[in-house]
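Chemist: Using the hints, position chain L against chain Z.
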Amino acid sequence: GESVGLHLPTLSVQEGDNSIINCAYSNSASDYFIWYKQESGKGPQFIIDIRSNMDKRQGQRVTVLLNKTVKHLSLQIAATQPGDSAVYFCAENIRSGGGADGLTFGKGTHLIIQP
Amino acid sequence: EAGVTQFPSHSVIEKGQTVTLRCDPISGHDNLYWYRRVMGKEIKFLLHFVKESKQDESGMPNNRFLAERTGGTYSTLKVQPAELEDSGVYFCASAGVLRTGELFFGEGSRLTVL
Chain Z
10 GESVGLHLPT LSVQEGDNSI INCAYSNSAS DYFIWYKQES GKGPQFIIDI
60 RSNMDKRQGQ RVTVLLNKTV KHLSLQIAAT QPGDSAVYFC AENIRSGGGA
110 DGLTFGKGTH LIIQP
Chain L
20 EAGVTQFPSH SVIEKGQTVT LRCDPISGHD NLYWYRRVMG KEIKFLLHFV
70 KESKQDESGM PNNRFLAERT GGTYSTLKVQ PAELEDSGVY FCASAGVLRT
120 GELFFGEGSR LTVL
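Protein sequences appear in the order of chains Z and L. When you line the first sequence up against my numbering, it's residues 10 to 124, in that order. When you line the second sequence up against my numbering, it's residues 20 to 133, in that order.
Bear in mind the hints are in silico, worked out from the structure with no lab data behind them. Check before you lean on any hint, since a few could be wrong.
[Unchecked claim] Within a straight-line C-alpha distance of at most 20 Å, the following computed SDA-like cross-link-like pairs (lysine to any residue) qualify: (1) Z:Lys51 x L:Lys73; (2) Z:Lys116 x L:Val57; (3) L:Lys63 x Z:Glu48; (4) Z:Lys116 x L:Leu65; (5) Z:Lys51 x L:Ser106; (6) Z:Lys116 x L:Thr24; (7) L:Lys63 x Z:Ala33; (8) Z:Lys116 x L:Gly107; (9) L:Lys70 x Z:Gly111; (10) L:Lys60 x Z:Ile121; (11) L:Lys73 x Z:Asp110; (12) Z:Lys51 x L:Asn81; (13) Z:Lys116 x L:Pro80; (14) L:Lys63 x Z:Lys65; (15) Z:Lys116 x L:Ile45; (16) Z:Lys116 x L:Arg129; (17) L:Lys60 x Z:Ala38; (18) Z:Lys116 x L:Lys60; (19) Z:Lys65 x Z:Pro91; (20) L:Lys97 x L:Gly47; (21) Z:Lys51 x L:Thr24; (22) L:Lys73 x Z:Gly108; (23) Z:Lys51 x L:Thr131; (24) L:Lys60 x Z:Ala33; (25) L:Lys60 x Z:Glu48; (26) L:Lys63 x Z:Ile103; (27) L:Lys63 x Z:Ile121.
[To be verified] One side of the interface only, derived from the structure: several residues of chain L facing chain Z at Cβ under 7 Å: (28) Phe26; (29) Lys60; (30) Glu61; (31) Ile62; (32) Glu76; (33) Gly78; (34) Phe84; (35) Ala86; (36) Leu117; (37) Gly120; (38) Leu122.
Glycine is no exception: its CB is placed at the ideal position from the N, C-alpha and C atoms.
Just chain Z, with the same shape it has in the complex (with noise of 0.2 Å):
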């Protein structure tokens, strides 16, 4: 099966509510975990990263969880506003040492806003 995948191929939320993206890795020797936005007709966007000596890291509203018990990793996107429509796409690293080299991505959701 596949490394990294997801548990909703799309989610959709108010304005101003908090936003919750998860994703399910299944490579216990992944050590680094990164989470890139894709808006439409752009490529993706690095947002956030987390090693795995962590479990959570705060970027500018937004905040990446890691349970490495459960092999589970999510992102937190506070008060979601209409430009934060996208595809997010979590990554890991498979590789020792962390690093762009060796990253798998997810299949991506696509996080919908309501007006």
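Modeler: Relative to the frame of chain Z, chain L by itself:
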């Protein structure tokens, strides 16, 4: 600073024809990657250049795909002959150092094989 640029943005060809996709990375980025996303599926790694050398081409599907990066600047990805299953969006990404997973992606080249 210019980002990663890809050309063409969309190409429609018939099965058996040849298509060449081009990627211009961010100036000074030694690392250049090609990825592909087939409709509704994950973004899959194709290959990785470090300057003009192929660092990893384990993701190339078969010998109908040929990637080059002469001179270590821009890269081309040729598909010859194209098959229906080659349809998808081909992304190029570049990076300077690889301490993080931050790749700078282009907007992609959408390939439709009829």
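Chemist: Give a verdict on every hint.
Modeler: A quick look at each hint next to the structure:
1. Z:Lys51 x L:Lys73: 26 Å, violated
2. Z:Lys116 x L:Val57: Holds, because 10 Å separates the two Cα atoms, which is no more than 20 Å.
3. L:Lys63 x Z:Glu48: Holds. Lys63 (chain L) to Glu48 (chain Z) sits at ~18 Å (cutoff 20 Å).
4. Z:Lys116 x L:Leu65: Holds - the C-alpha atoms of Leu65 (chain L) and Lys116 (chain Z) are around 16 Å apart, at most 20 Å.
5. Z:Lys51 x L:Ser106: Holds - the C-alpha atoms of Ser106 (chain L) and Lys51 (chain Z) are around 18 Å apart, at most 20 Å.
6. Z:Lys116 x L:Thr24: 24 Å, violated
7. L:Lys63 x Z:Ala33: 17 Å, holds
8. Z:Lys116 x L:Gly107: 14 Å, holds
9. L:Lys70 x Z:Gly111: Given that 20 Å is the threshold and the Cα spacing comes to 18 Å, the pair holds.
10. L:Lys60 x Z:Ile121: Within the cut-off at roughly 18 Å; holds.
11. L:Lys73 x Z:Asp110: OK: Lys73 (chain L) and Asp110 (chain Z) at ~13 Å, within 20 Å.
12. Z:Lys51 x L:Asn81: With Cα atoms ~27 Å apart, Lys51 (chain Z) and Asn81 (chain L) exceed 20 Å; violated.
13. Z:Lys116 x L:Pro80: 18 Å, holds
14. L:Lys63 x Z:Lys65: The given pair, whose Cα atoms are some 27 Å apart, is violated under the 20 Å limit.
15. Z:Lys116 x L:Ile45: Violated, at roughly 26 Å.
16. Z:Lys116 x L:Arg129: 17 Å, holds
17. L:Lys60 x Z:Ala38: Since the Cα atoms of Lys60 (chain L) and Ala38 (chain Z) sit roughly 23 Å apart, the hinted pair is violated (cutoff 20 Å).
18. Z:Lys116 x L:Lys60: 5 Å, holds
19. Z:Lys65 x Z:Pro91: 25 Å, violated
20. L:Lys97 x L:Gly47: 24 Å, violated
21. Z:Lys51 x L:Thr24: This hinted pair holds, its Cα atoms lying about 11 Å apart.
22. L:Lys73 x Z:Gly108: 18 Å, holds
23. Z:Lys51 x L:Thr131: 18 Å, holds
24. L:Lys60 x Z:Ala33: The given pair, whose Cα atoms are some 15 Å apart, holds under the 20 Å limit.
25. L:Lys60 x Z:Glu48: 16 Å, holds
26. L:Lys63 x Z:Ile103: OK: Lys63 (chain L) and Ile103 (chain Z) at ~14 Å, within 20 Å.
27. L:Lys63 x Z:Ile121: 24 Å, violated
28. Phe26: 13 Å, violated
29. Lys60: 6 Å, holds
30. Glu61: OK, holds: Glu61 (chain L) within 7 Å of chain Z, min 5 Å.
31. Ile62: 4 Å, holds
32. Glu76: The hint is violated - Glu76 (chain L) has no Cβ within 7 Å of chain Z, the shortest such distance being about 13 Å.
33. Gly78: 10 Å, violated
34. Phe84: 19 Å, violated
35. Ala86: Since chain Z brings no Cβ nearer than about 17 Å to Ala86 (chain L), farther than 7 Å, the hint is violated.
36. Leu117: Holds. Min distance 4 Å.
37. Gly120: Hint holds; Gly120 (chain L) Cβ to chain Z Cβ min 4 Å, cut 7 Å.
38. Leu122: 5 Å, holds
In this structure, the earlier hints numbered 1, 6, 12, 14, 15, 17, 19, 20, 27, 28, 32, 33, 34 and 35 are contradicted, and the remaining ones agree with it.
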